[in-house]
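Enquirer: One-letter residues, chain by chain:
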Amino acid sequence: MNQFTRHEGLTVPLFQSNIDTDQIIPKQFLTRIERSGYGAFLFNDWRFEPDGTEKADFVLNDPKYAGATILVAGTNFGCGSSREHAAWSLTDFGFRAVIAPSFGDIFYNNSMKNGLLPVRLDEAATELIVARSQSLEGYSVTIDLESQTVIDELGLNASFEIDAFRKHCLLSGLDDIGLTLQNEEMITKYEADTEITHRFAGLT
Amino acid sequence: MKTLYDKIWERHLVHEEAGKPALLYIDLHLIHEVTSPQAFEGLRLAGRKLRRPELTFATVDHAIPTVNRNLPFKDPIAALQVETLRKNCADFGLPLYDLDRIEQGIIHVFGPEQGLTQPGMTIVCGDSHTSTHGAFGALAFGIGTSEVEHVFATQCLQQSKARNFQVNVEGELPFGVTAKDVILGIINQIGANGGVGHVIEYTGSTFRSMSMEGRMTVCNMSIEGGAKAGLIAPDETTFEYLKGRTFAPKDDAWEAAVADWRSLKTDDGVLFDKTVEIDAATLEPFVTWGTSPDMSVTITDRVPELSDARDPAEAKAFERMYEYMGVEPSQRIQDIPIDKAFIGSCTNSRIEDLREAAKVAKGHKVSSAVDALVVPGSMLIKKQAEEEGLAQIFIDAGFEWRDAGCSMCLAMNEDILQSGERCASTSNRNFEGRQGRGGRTHLVSPSMAAAAAIAGHFVDVREWRFKG
Chain A
53 MNQFTRHEGL TVPLFQSNID TDQIIPKQFL TRIERSGYGA FLFNDWRFEP DGTEKADFVL
113 NDPKYAGATI LVAGTNFGCG SSREHAAWSL TDFGFRAVIA PSFGDIFYNN SMKNGLLPVR
173 LDEAATELIV ARSQSLEGYS VTIDLESQTV IDELGLNASF EIDAFRKHCL LSGLDDIGLT
233 LQNEEMITKY EADTEITHRF AGLT
Chain B
41 MKTLYDKIWE RHLVHEEAGK PALLYIDLHL IHEVTSPQAF EGLRLAGRKL RRPELTFATV
101 DHAIPTVNRN LPFKDPIAAL QVETLRKNCA DFGLPLYDLD RIEQGIIHVF GPEQGLTQPG
161 MTIVCGDSHT STHGAFGALA FGIGTSEVEH VFATQCLQQS KARNFQVNVE GELPFGVTAK
221 DVILGIINQI GANGGVGHVI EYTGSTFRSM SMEGRMTVCN MSIEGGAKAG LIAPDETTFE
281 YLKGRTFAPK DDAWEAAVAD WRSLKTDDGV LFDKTVEIDA ATLEPFVTWG TSPDMSVTIT
341 DRVPELSDAR DPAEAKAFER MYEYMGVEPS QRIQDIPIDK AFIGSCTNSR IEDLREAAKV
401 AKGHKVSSAV DALVVPGSML IKKQAEEEGL AQIFIDAGFE WRDAGCSMCL AMNEDILQSG
461 ERCASTSNRN FEGRQGRGGR THLVSPSMAA AAAIAGHFVD VREWRFKG
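Protein sequences, first through last, are from chains A and B.
The first sequence begins at 53 in my numbering and counts up by one.
The second sequence begins at 41 in my numbering and counts up by one.
Hints were generated in silico from the structure; no laboratory data involved.
Errors might be hidden in some of the hints.
[Claimed, not checked] To be clear about the criterion: a stretch of chain B counts as covered by chain A if any three or more of its residues have a C-beta under 8 Å from a C-beta of chain A, and this derived list gives those stretches: (1) 52-61; (2) 190-199; (3) 232-244; (4) 286-294; (5) 467-476.
[Stated by the list, open to error] Simulated coverage check for chain A against chain B, where a stretch passes if three residues somewhere in it have a Cβ under 8 Å from a Cβ of chain B: (6) 70-79; (7) 127-134.
C-beta atoms are modelled at their ideal positions from N, C-alpha and C, and glycine is treated no differently.
Build out the structure end to end from the sequences listed, making use of the hints.
Expert: In structure tokens form, the structure reads like this:
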């Protein structure tokens, strides 16, 4: 797992509700078998015309936000499909965190597995960041995972909740599978003790 | 006192420790071509083995063509993806129900049909519509590719417990109102994020008298309400459906299993974290008009006006949806013409769905302005529909009759909407571009889709002229 500790970065506002993973990474790119290279396709149908030219009115094409690493979105960001390609495309594009009032559950898990921090801020704080990001040039915030806060130079100091164990894993960049395999004896014991896994006809 | 979800959860706890997510055992892992290749690659890179290959089953569904399957794929990248799954299954010793198998189908149709999906199990798949399997009283949810790799290596997942959400629907469904309308009505009420962080248990007489096909349709779209999973307690209908299926327990093991499954229900008097009550008599056929599955109205209704929005943010979303969908505020739903109709997907491609659609199609002709497609959920369903004469009804009416796959639900193959085309679809997502860039999706039940295909616009199936 990629590490996340503290990150200061330029924010870019994409303040709509229910931005689904079909928008983040459209289906035509899901036939690839690689894990990398998806940044080029991030928000493809919103970023590009069918002929491949950039859409001037899409926020990620605005020079003002070039190099942004923190996406600020509306409620239920990443709802829909389980495609981890959504997290891969955001990280490959250069994003380190997404701030939103709420997230789709599967996307939330997928992003943490890829060192992309999903930050749940309340609506008021999210809207404040959006407003500053729109009205100011080069508006950055600092996300500190240890203290679970988002701060800026104008006095913003918003806190967010995150599961303590997930936080620990992100801070240390721990490998989930490795952690689970530390409990391998318990898995073996569970398998021996339970009949549940032996119910398929023809299997013993 | 415990809910059904609590009980299944506890049965699968391998390890629990304060301050950490629980380690949950997974009984069945279903895989397909799209979300598995990177997980296999991860296993190889780490030199890890697949812990329980015999609990892992694969089929191909997302990227495959639904016509001319004997020919090479037109899309070389999709071909490579399917080839990669074949190689991975061979290398790791996994059964693959490939294109040449009669059992091949959409993964969430395949699992139940083969008797792999059983009450009380934990079931995962790298696909959000894994919630479908909750219809059997199994805890089933979609996972990302990192978690697919985690299950490969450990047969477990690290999980935090979700909250309990009860959706209780009581009463008989009115004529013309289907399971699809029930779930569209529920999502309309709770919103696209109403279930986030929750597992929904569907309770009440409406679900108890519903077929397994109907229950699967309901549980399938739990994710469209944001829920982690959907559940319906197993009962005689469940056992009847499962009995005799290939991987269902046999003989004494069957009797023992059923005895155990009967205990899988929420205790009387349990308090859910959240409850919604719906009277079935108030439900009508629904049609979505926007680009989020909660944006629906009944067939007799109109596209909402800006003043119907609950807040300024929703009003802004409405404006965007009017433009994308090419609809006007207060436009009558029945005045909206369609270009395509799609009957299929893991939501509505089972035999009962095809029977409902065929009843409407019988003796009619698809409008000359509409291209209509019927894509069965599995090759077994295709065969059954042909034996029952449903296929002939569709063909005579001018529908295309295809091979099994996800097809135009997500349009990863050539079954795709062109920009501006409008589709009456029995699938589960009306997101922008879901069925093709610029395509406009209206979610409906199979009978409503068939009726729209014939009329050329949305019509109220309750007033349909059934022939024969």
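Enquirer: Confirm or reject each hint.
Expert: Hints, one by one, checked against the model:
1. 52-61: holds (count 6)
2. 190-199: holds (count 6)
3. 232-244: holds (count 4)
4. 286-294: Per the Cβ count (6), the hint holds.
5. 467-476: This one holds; 5 residues, not fewer than the three required, reach chain A with a Cβ under 8 Å.
6. 70-79: holds (count 6)
7. 127-134: Holds: 6 residues of the stretch 127-134 of chain A have a Cβ under 8 Å from chain B.
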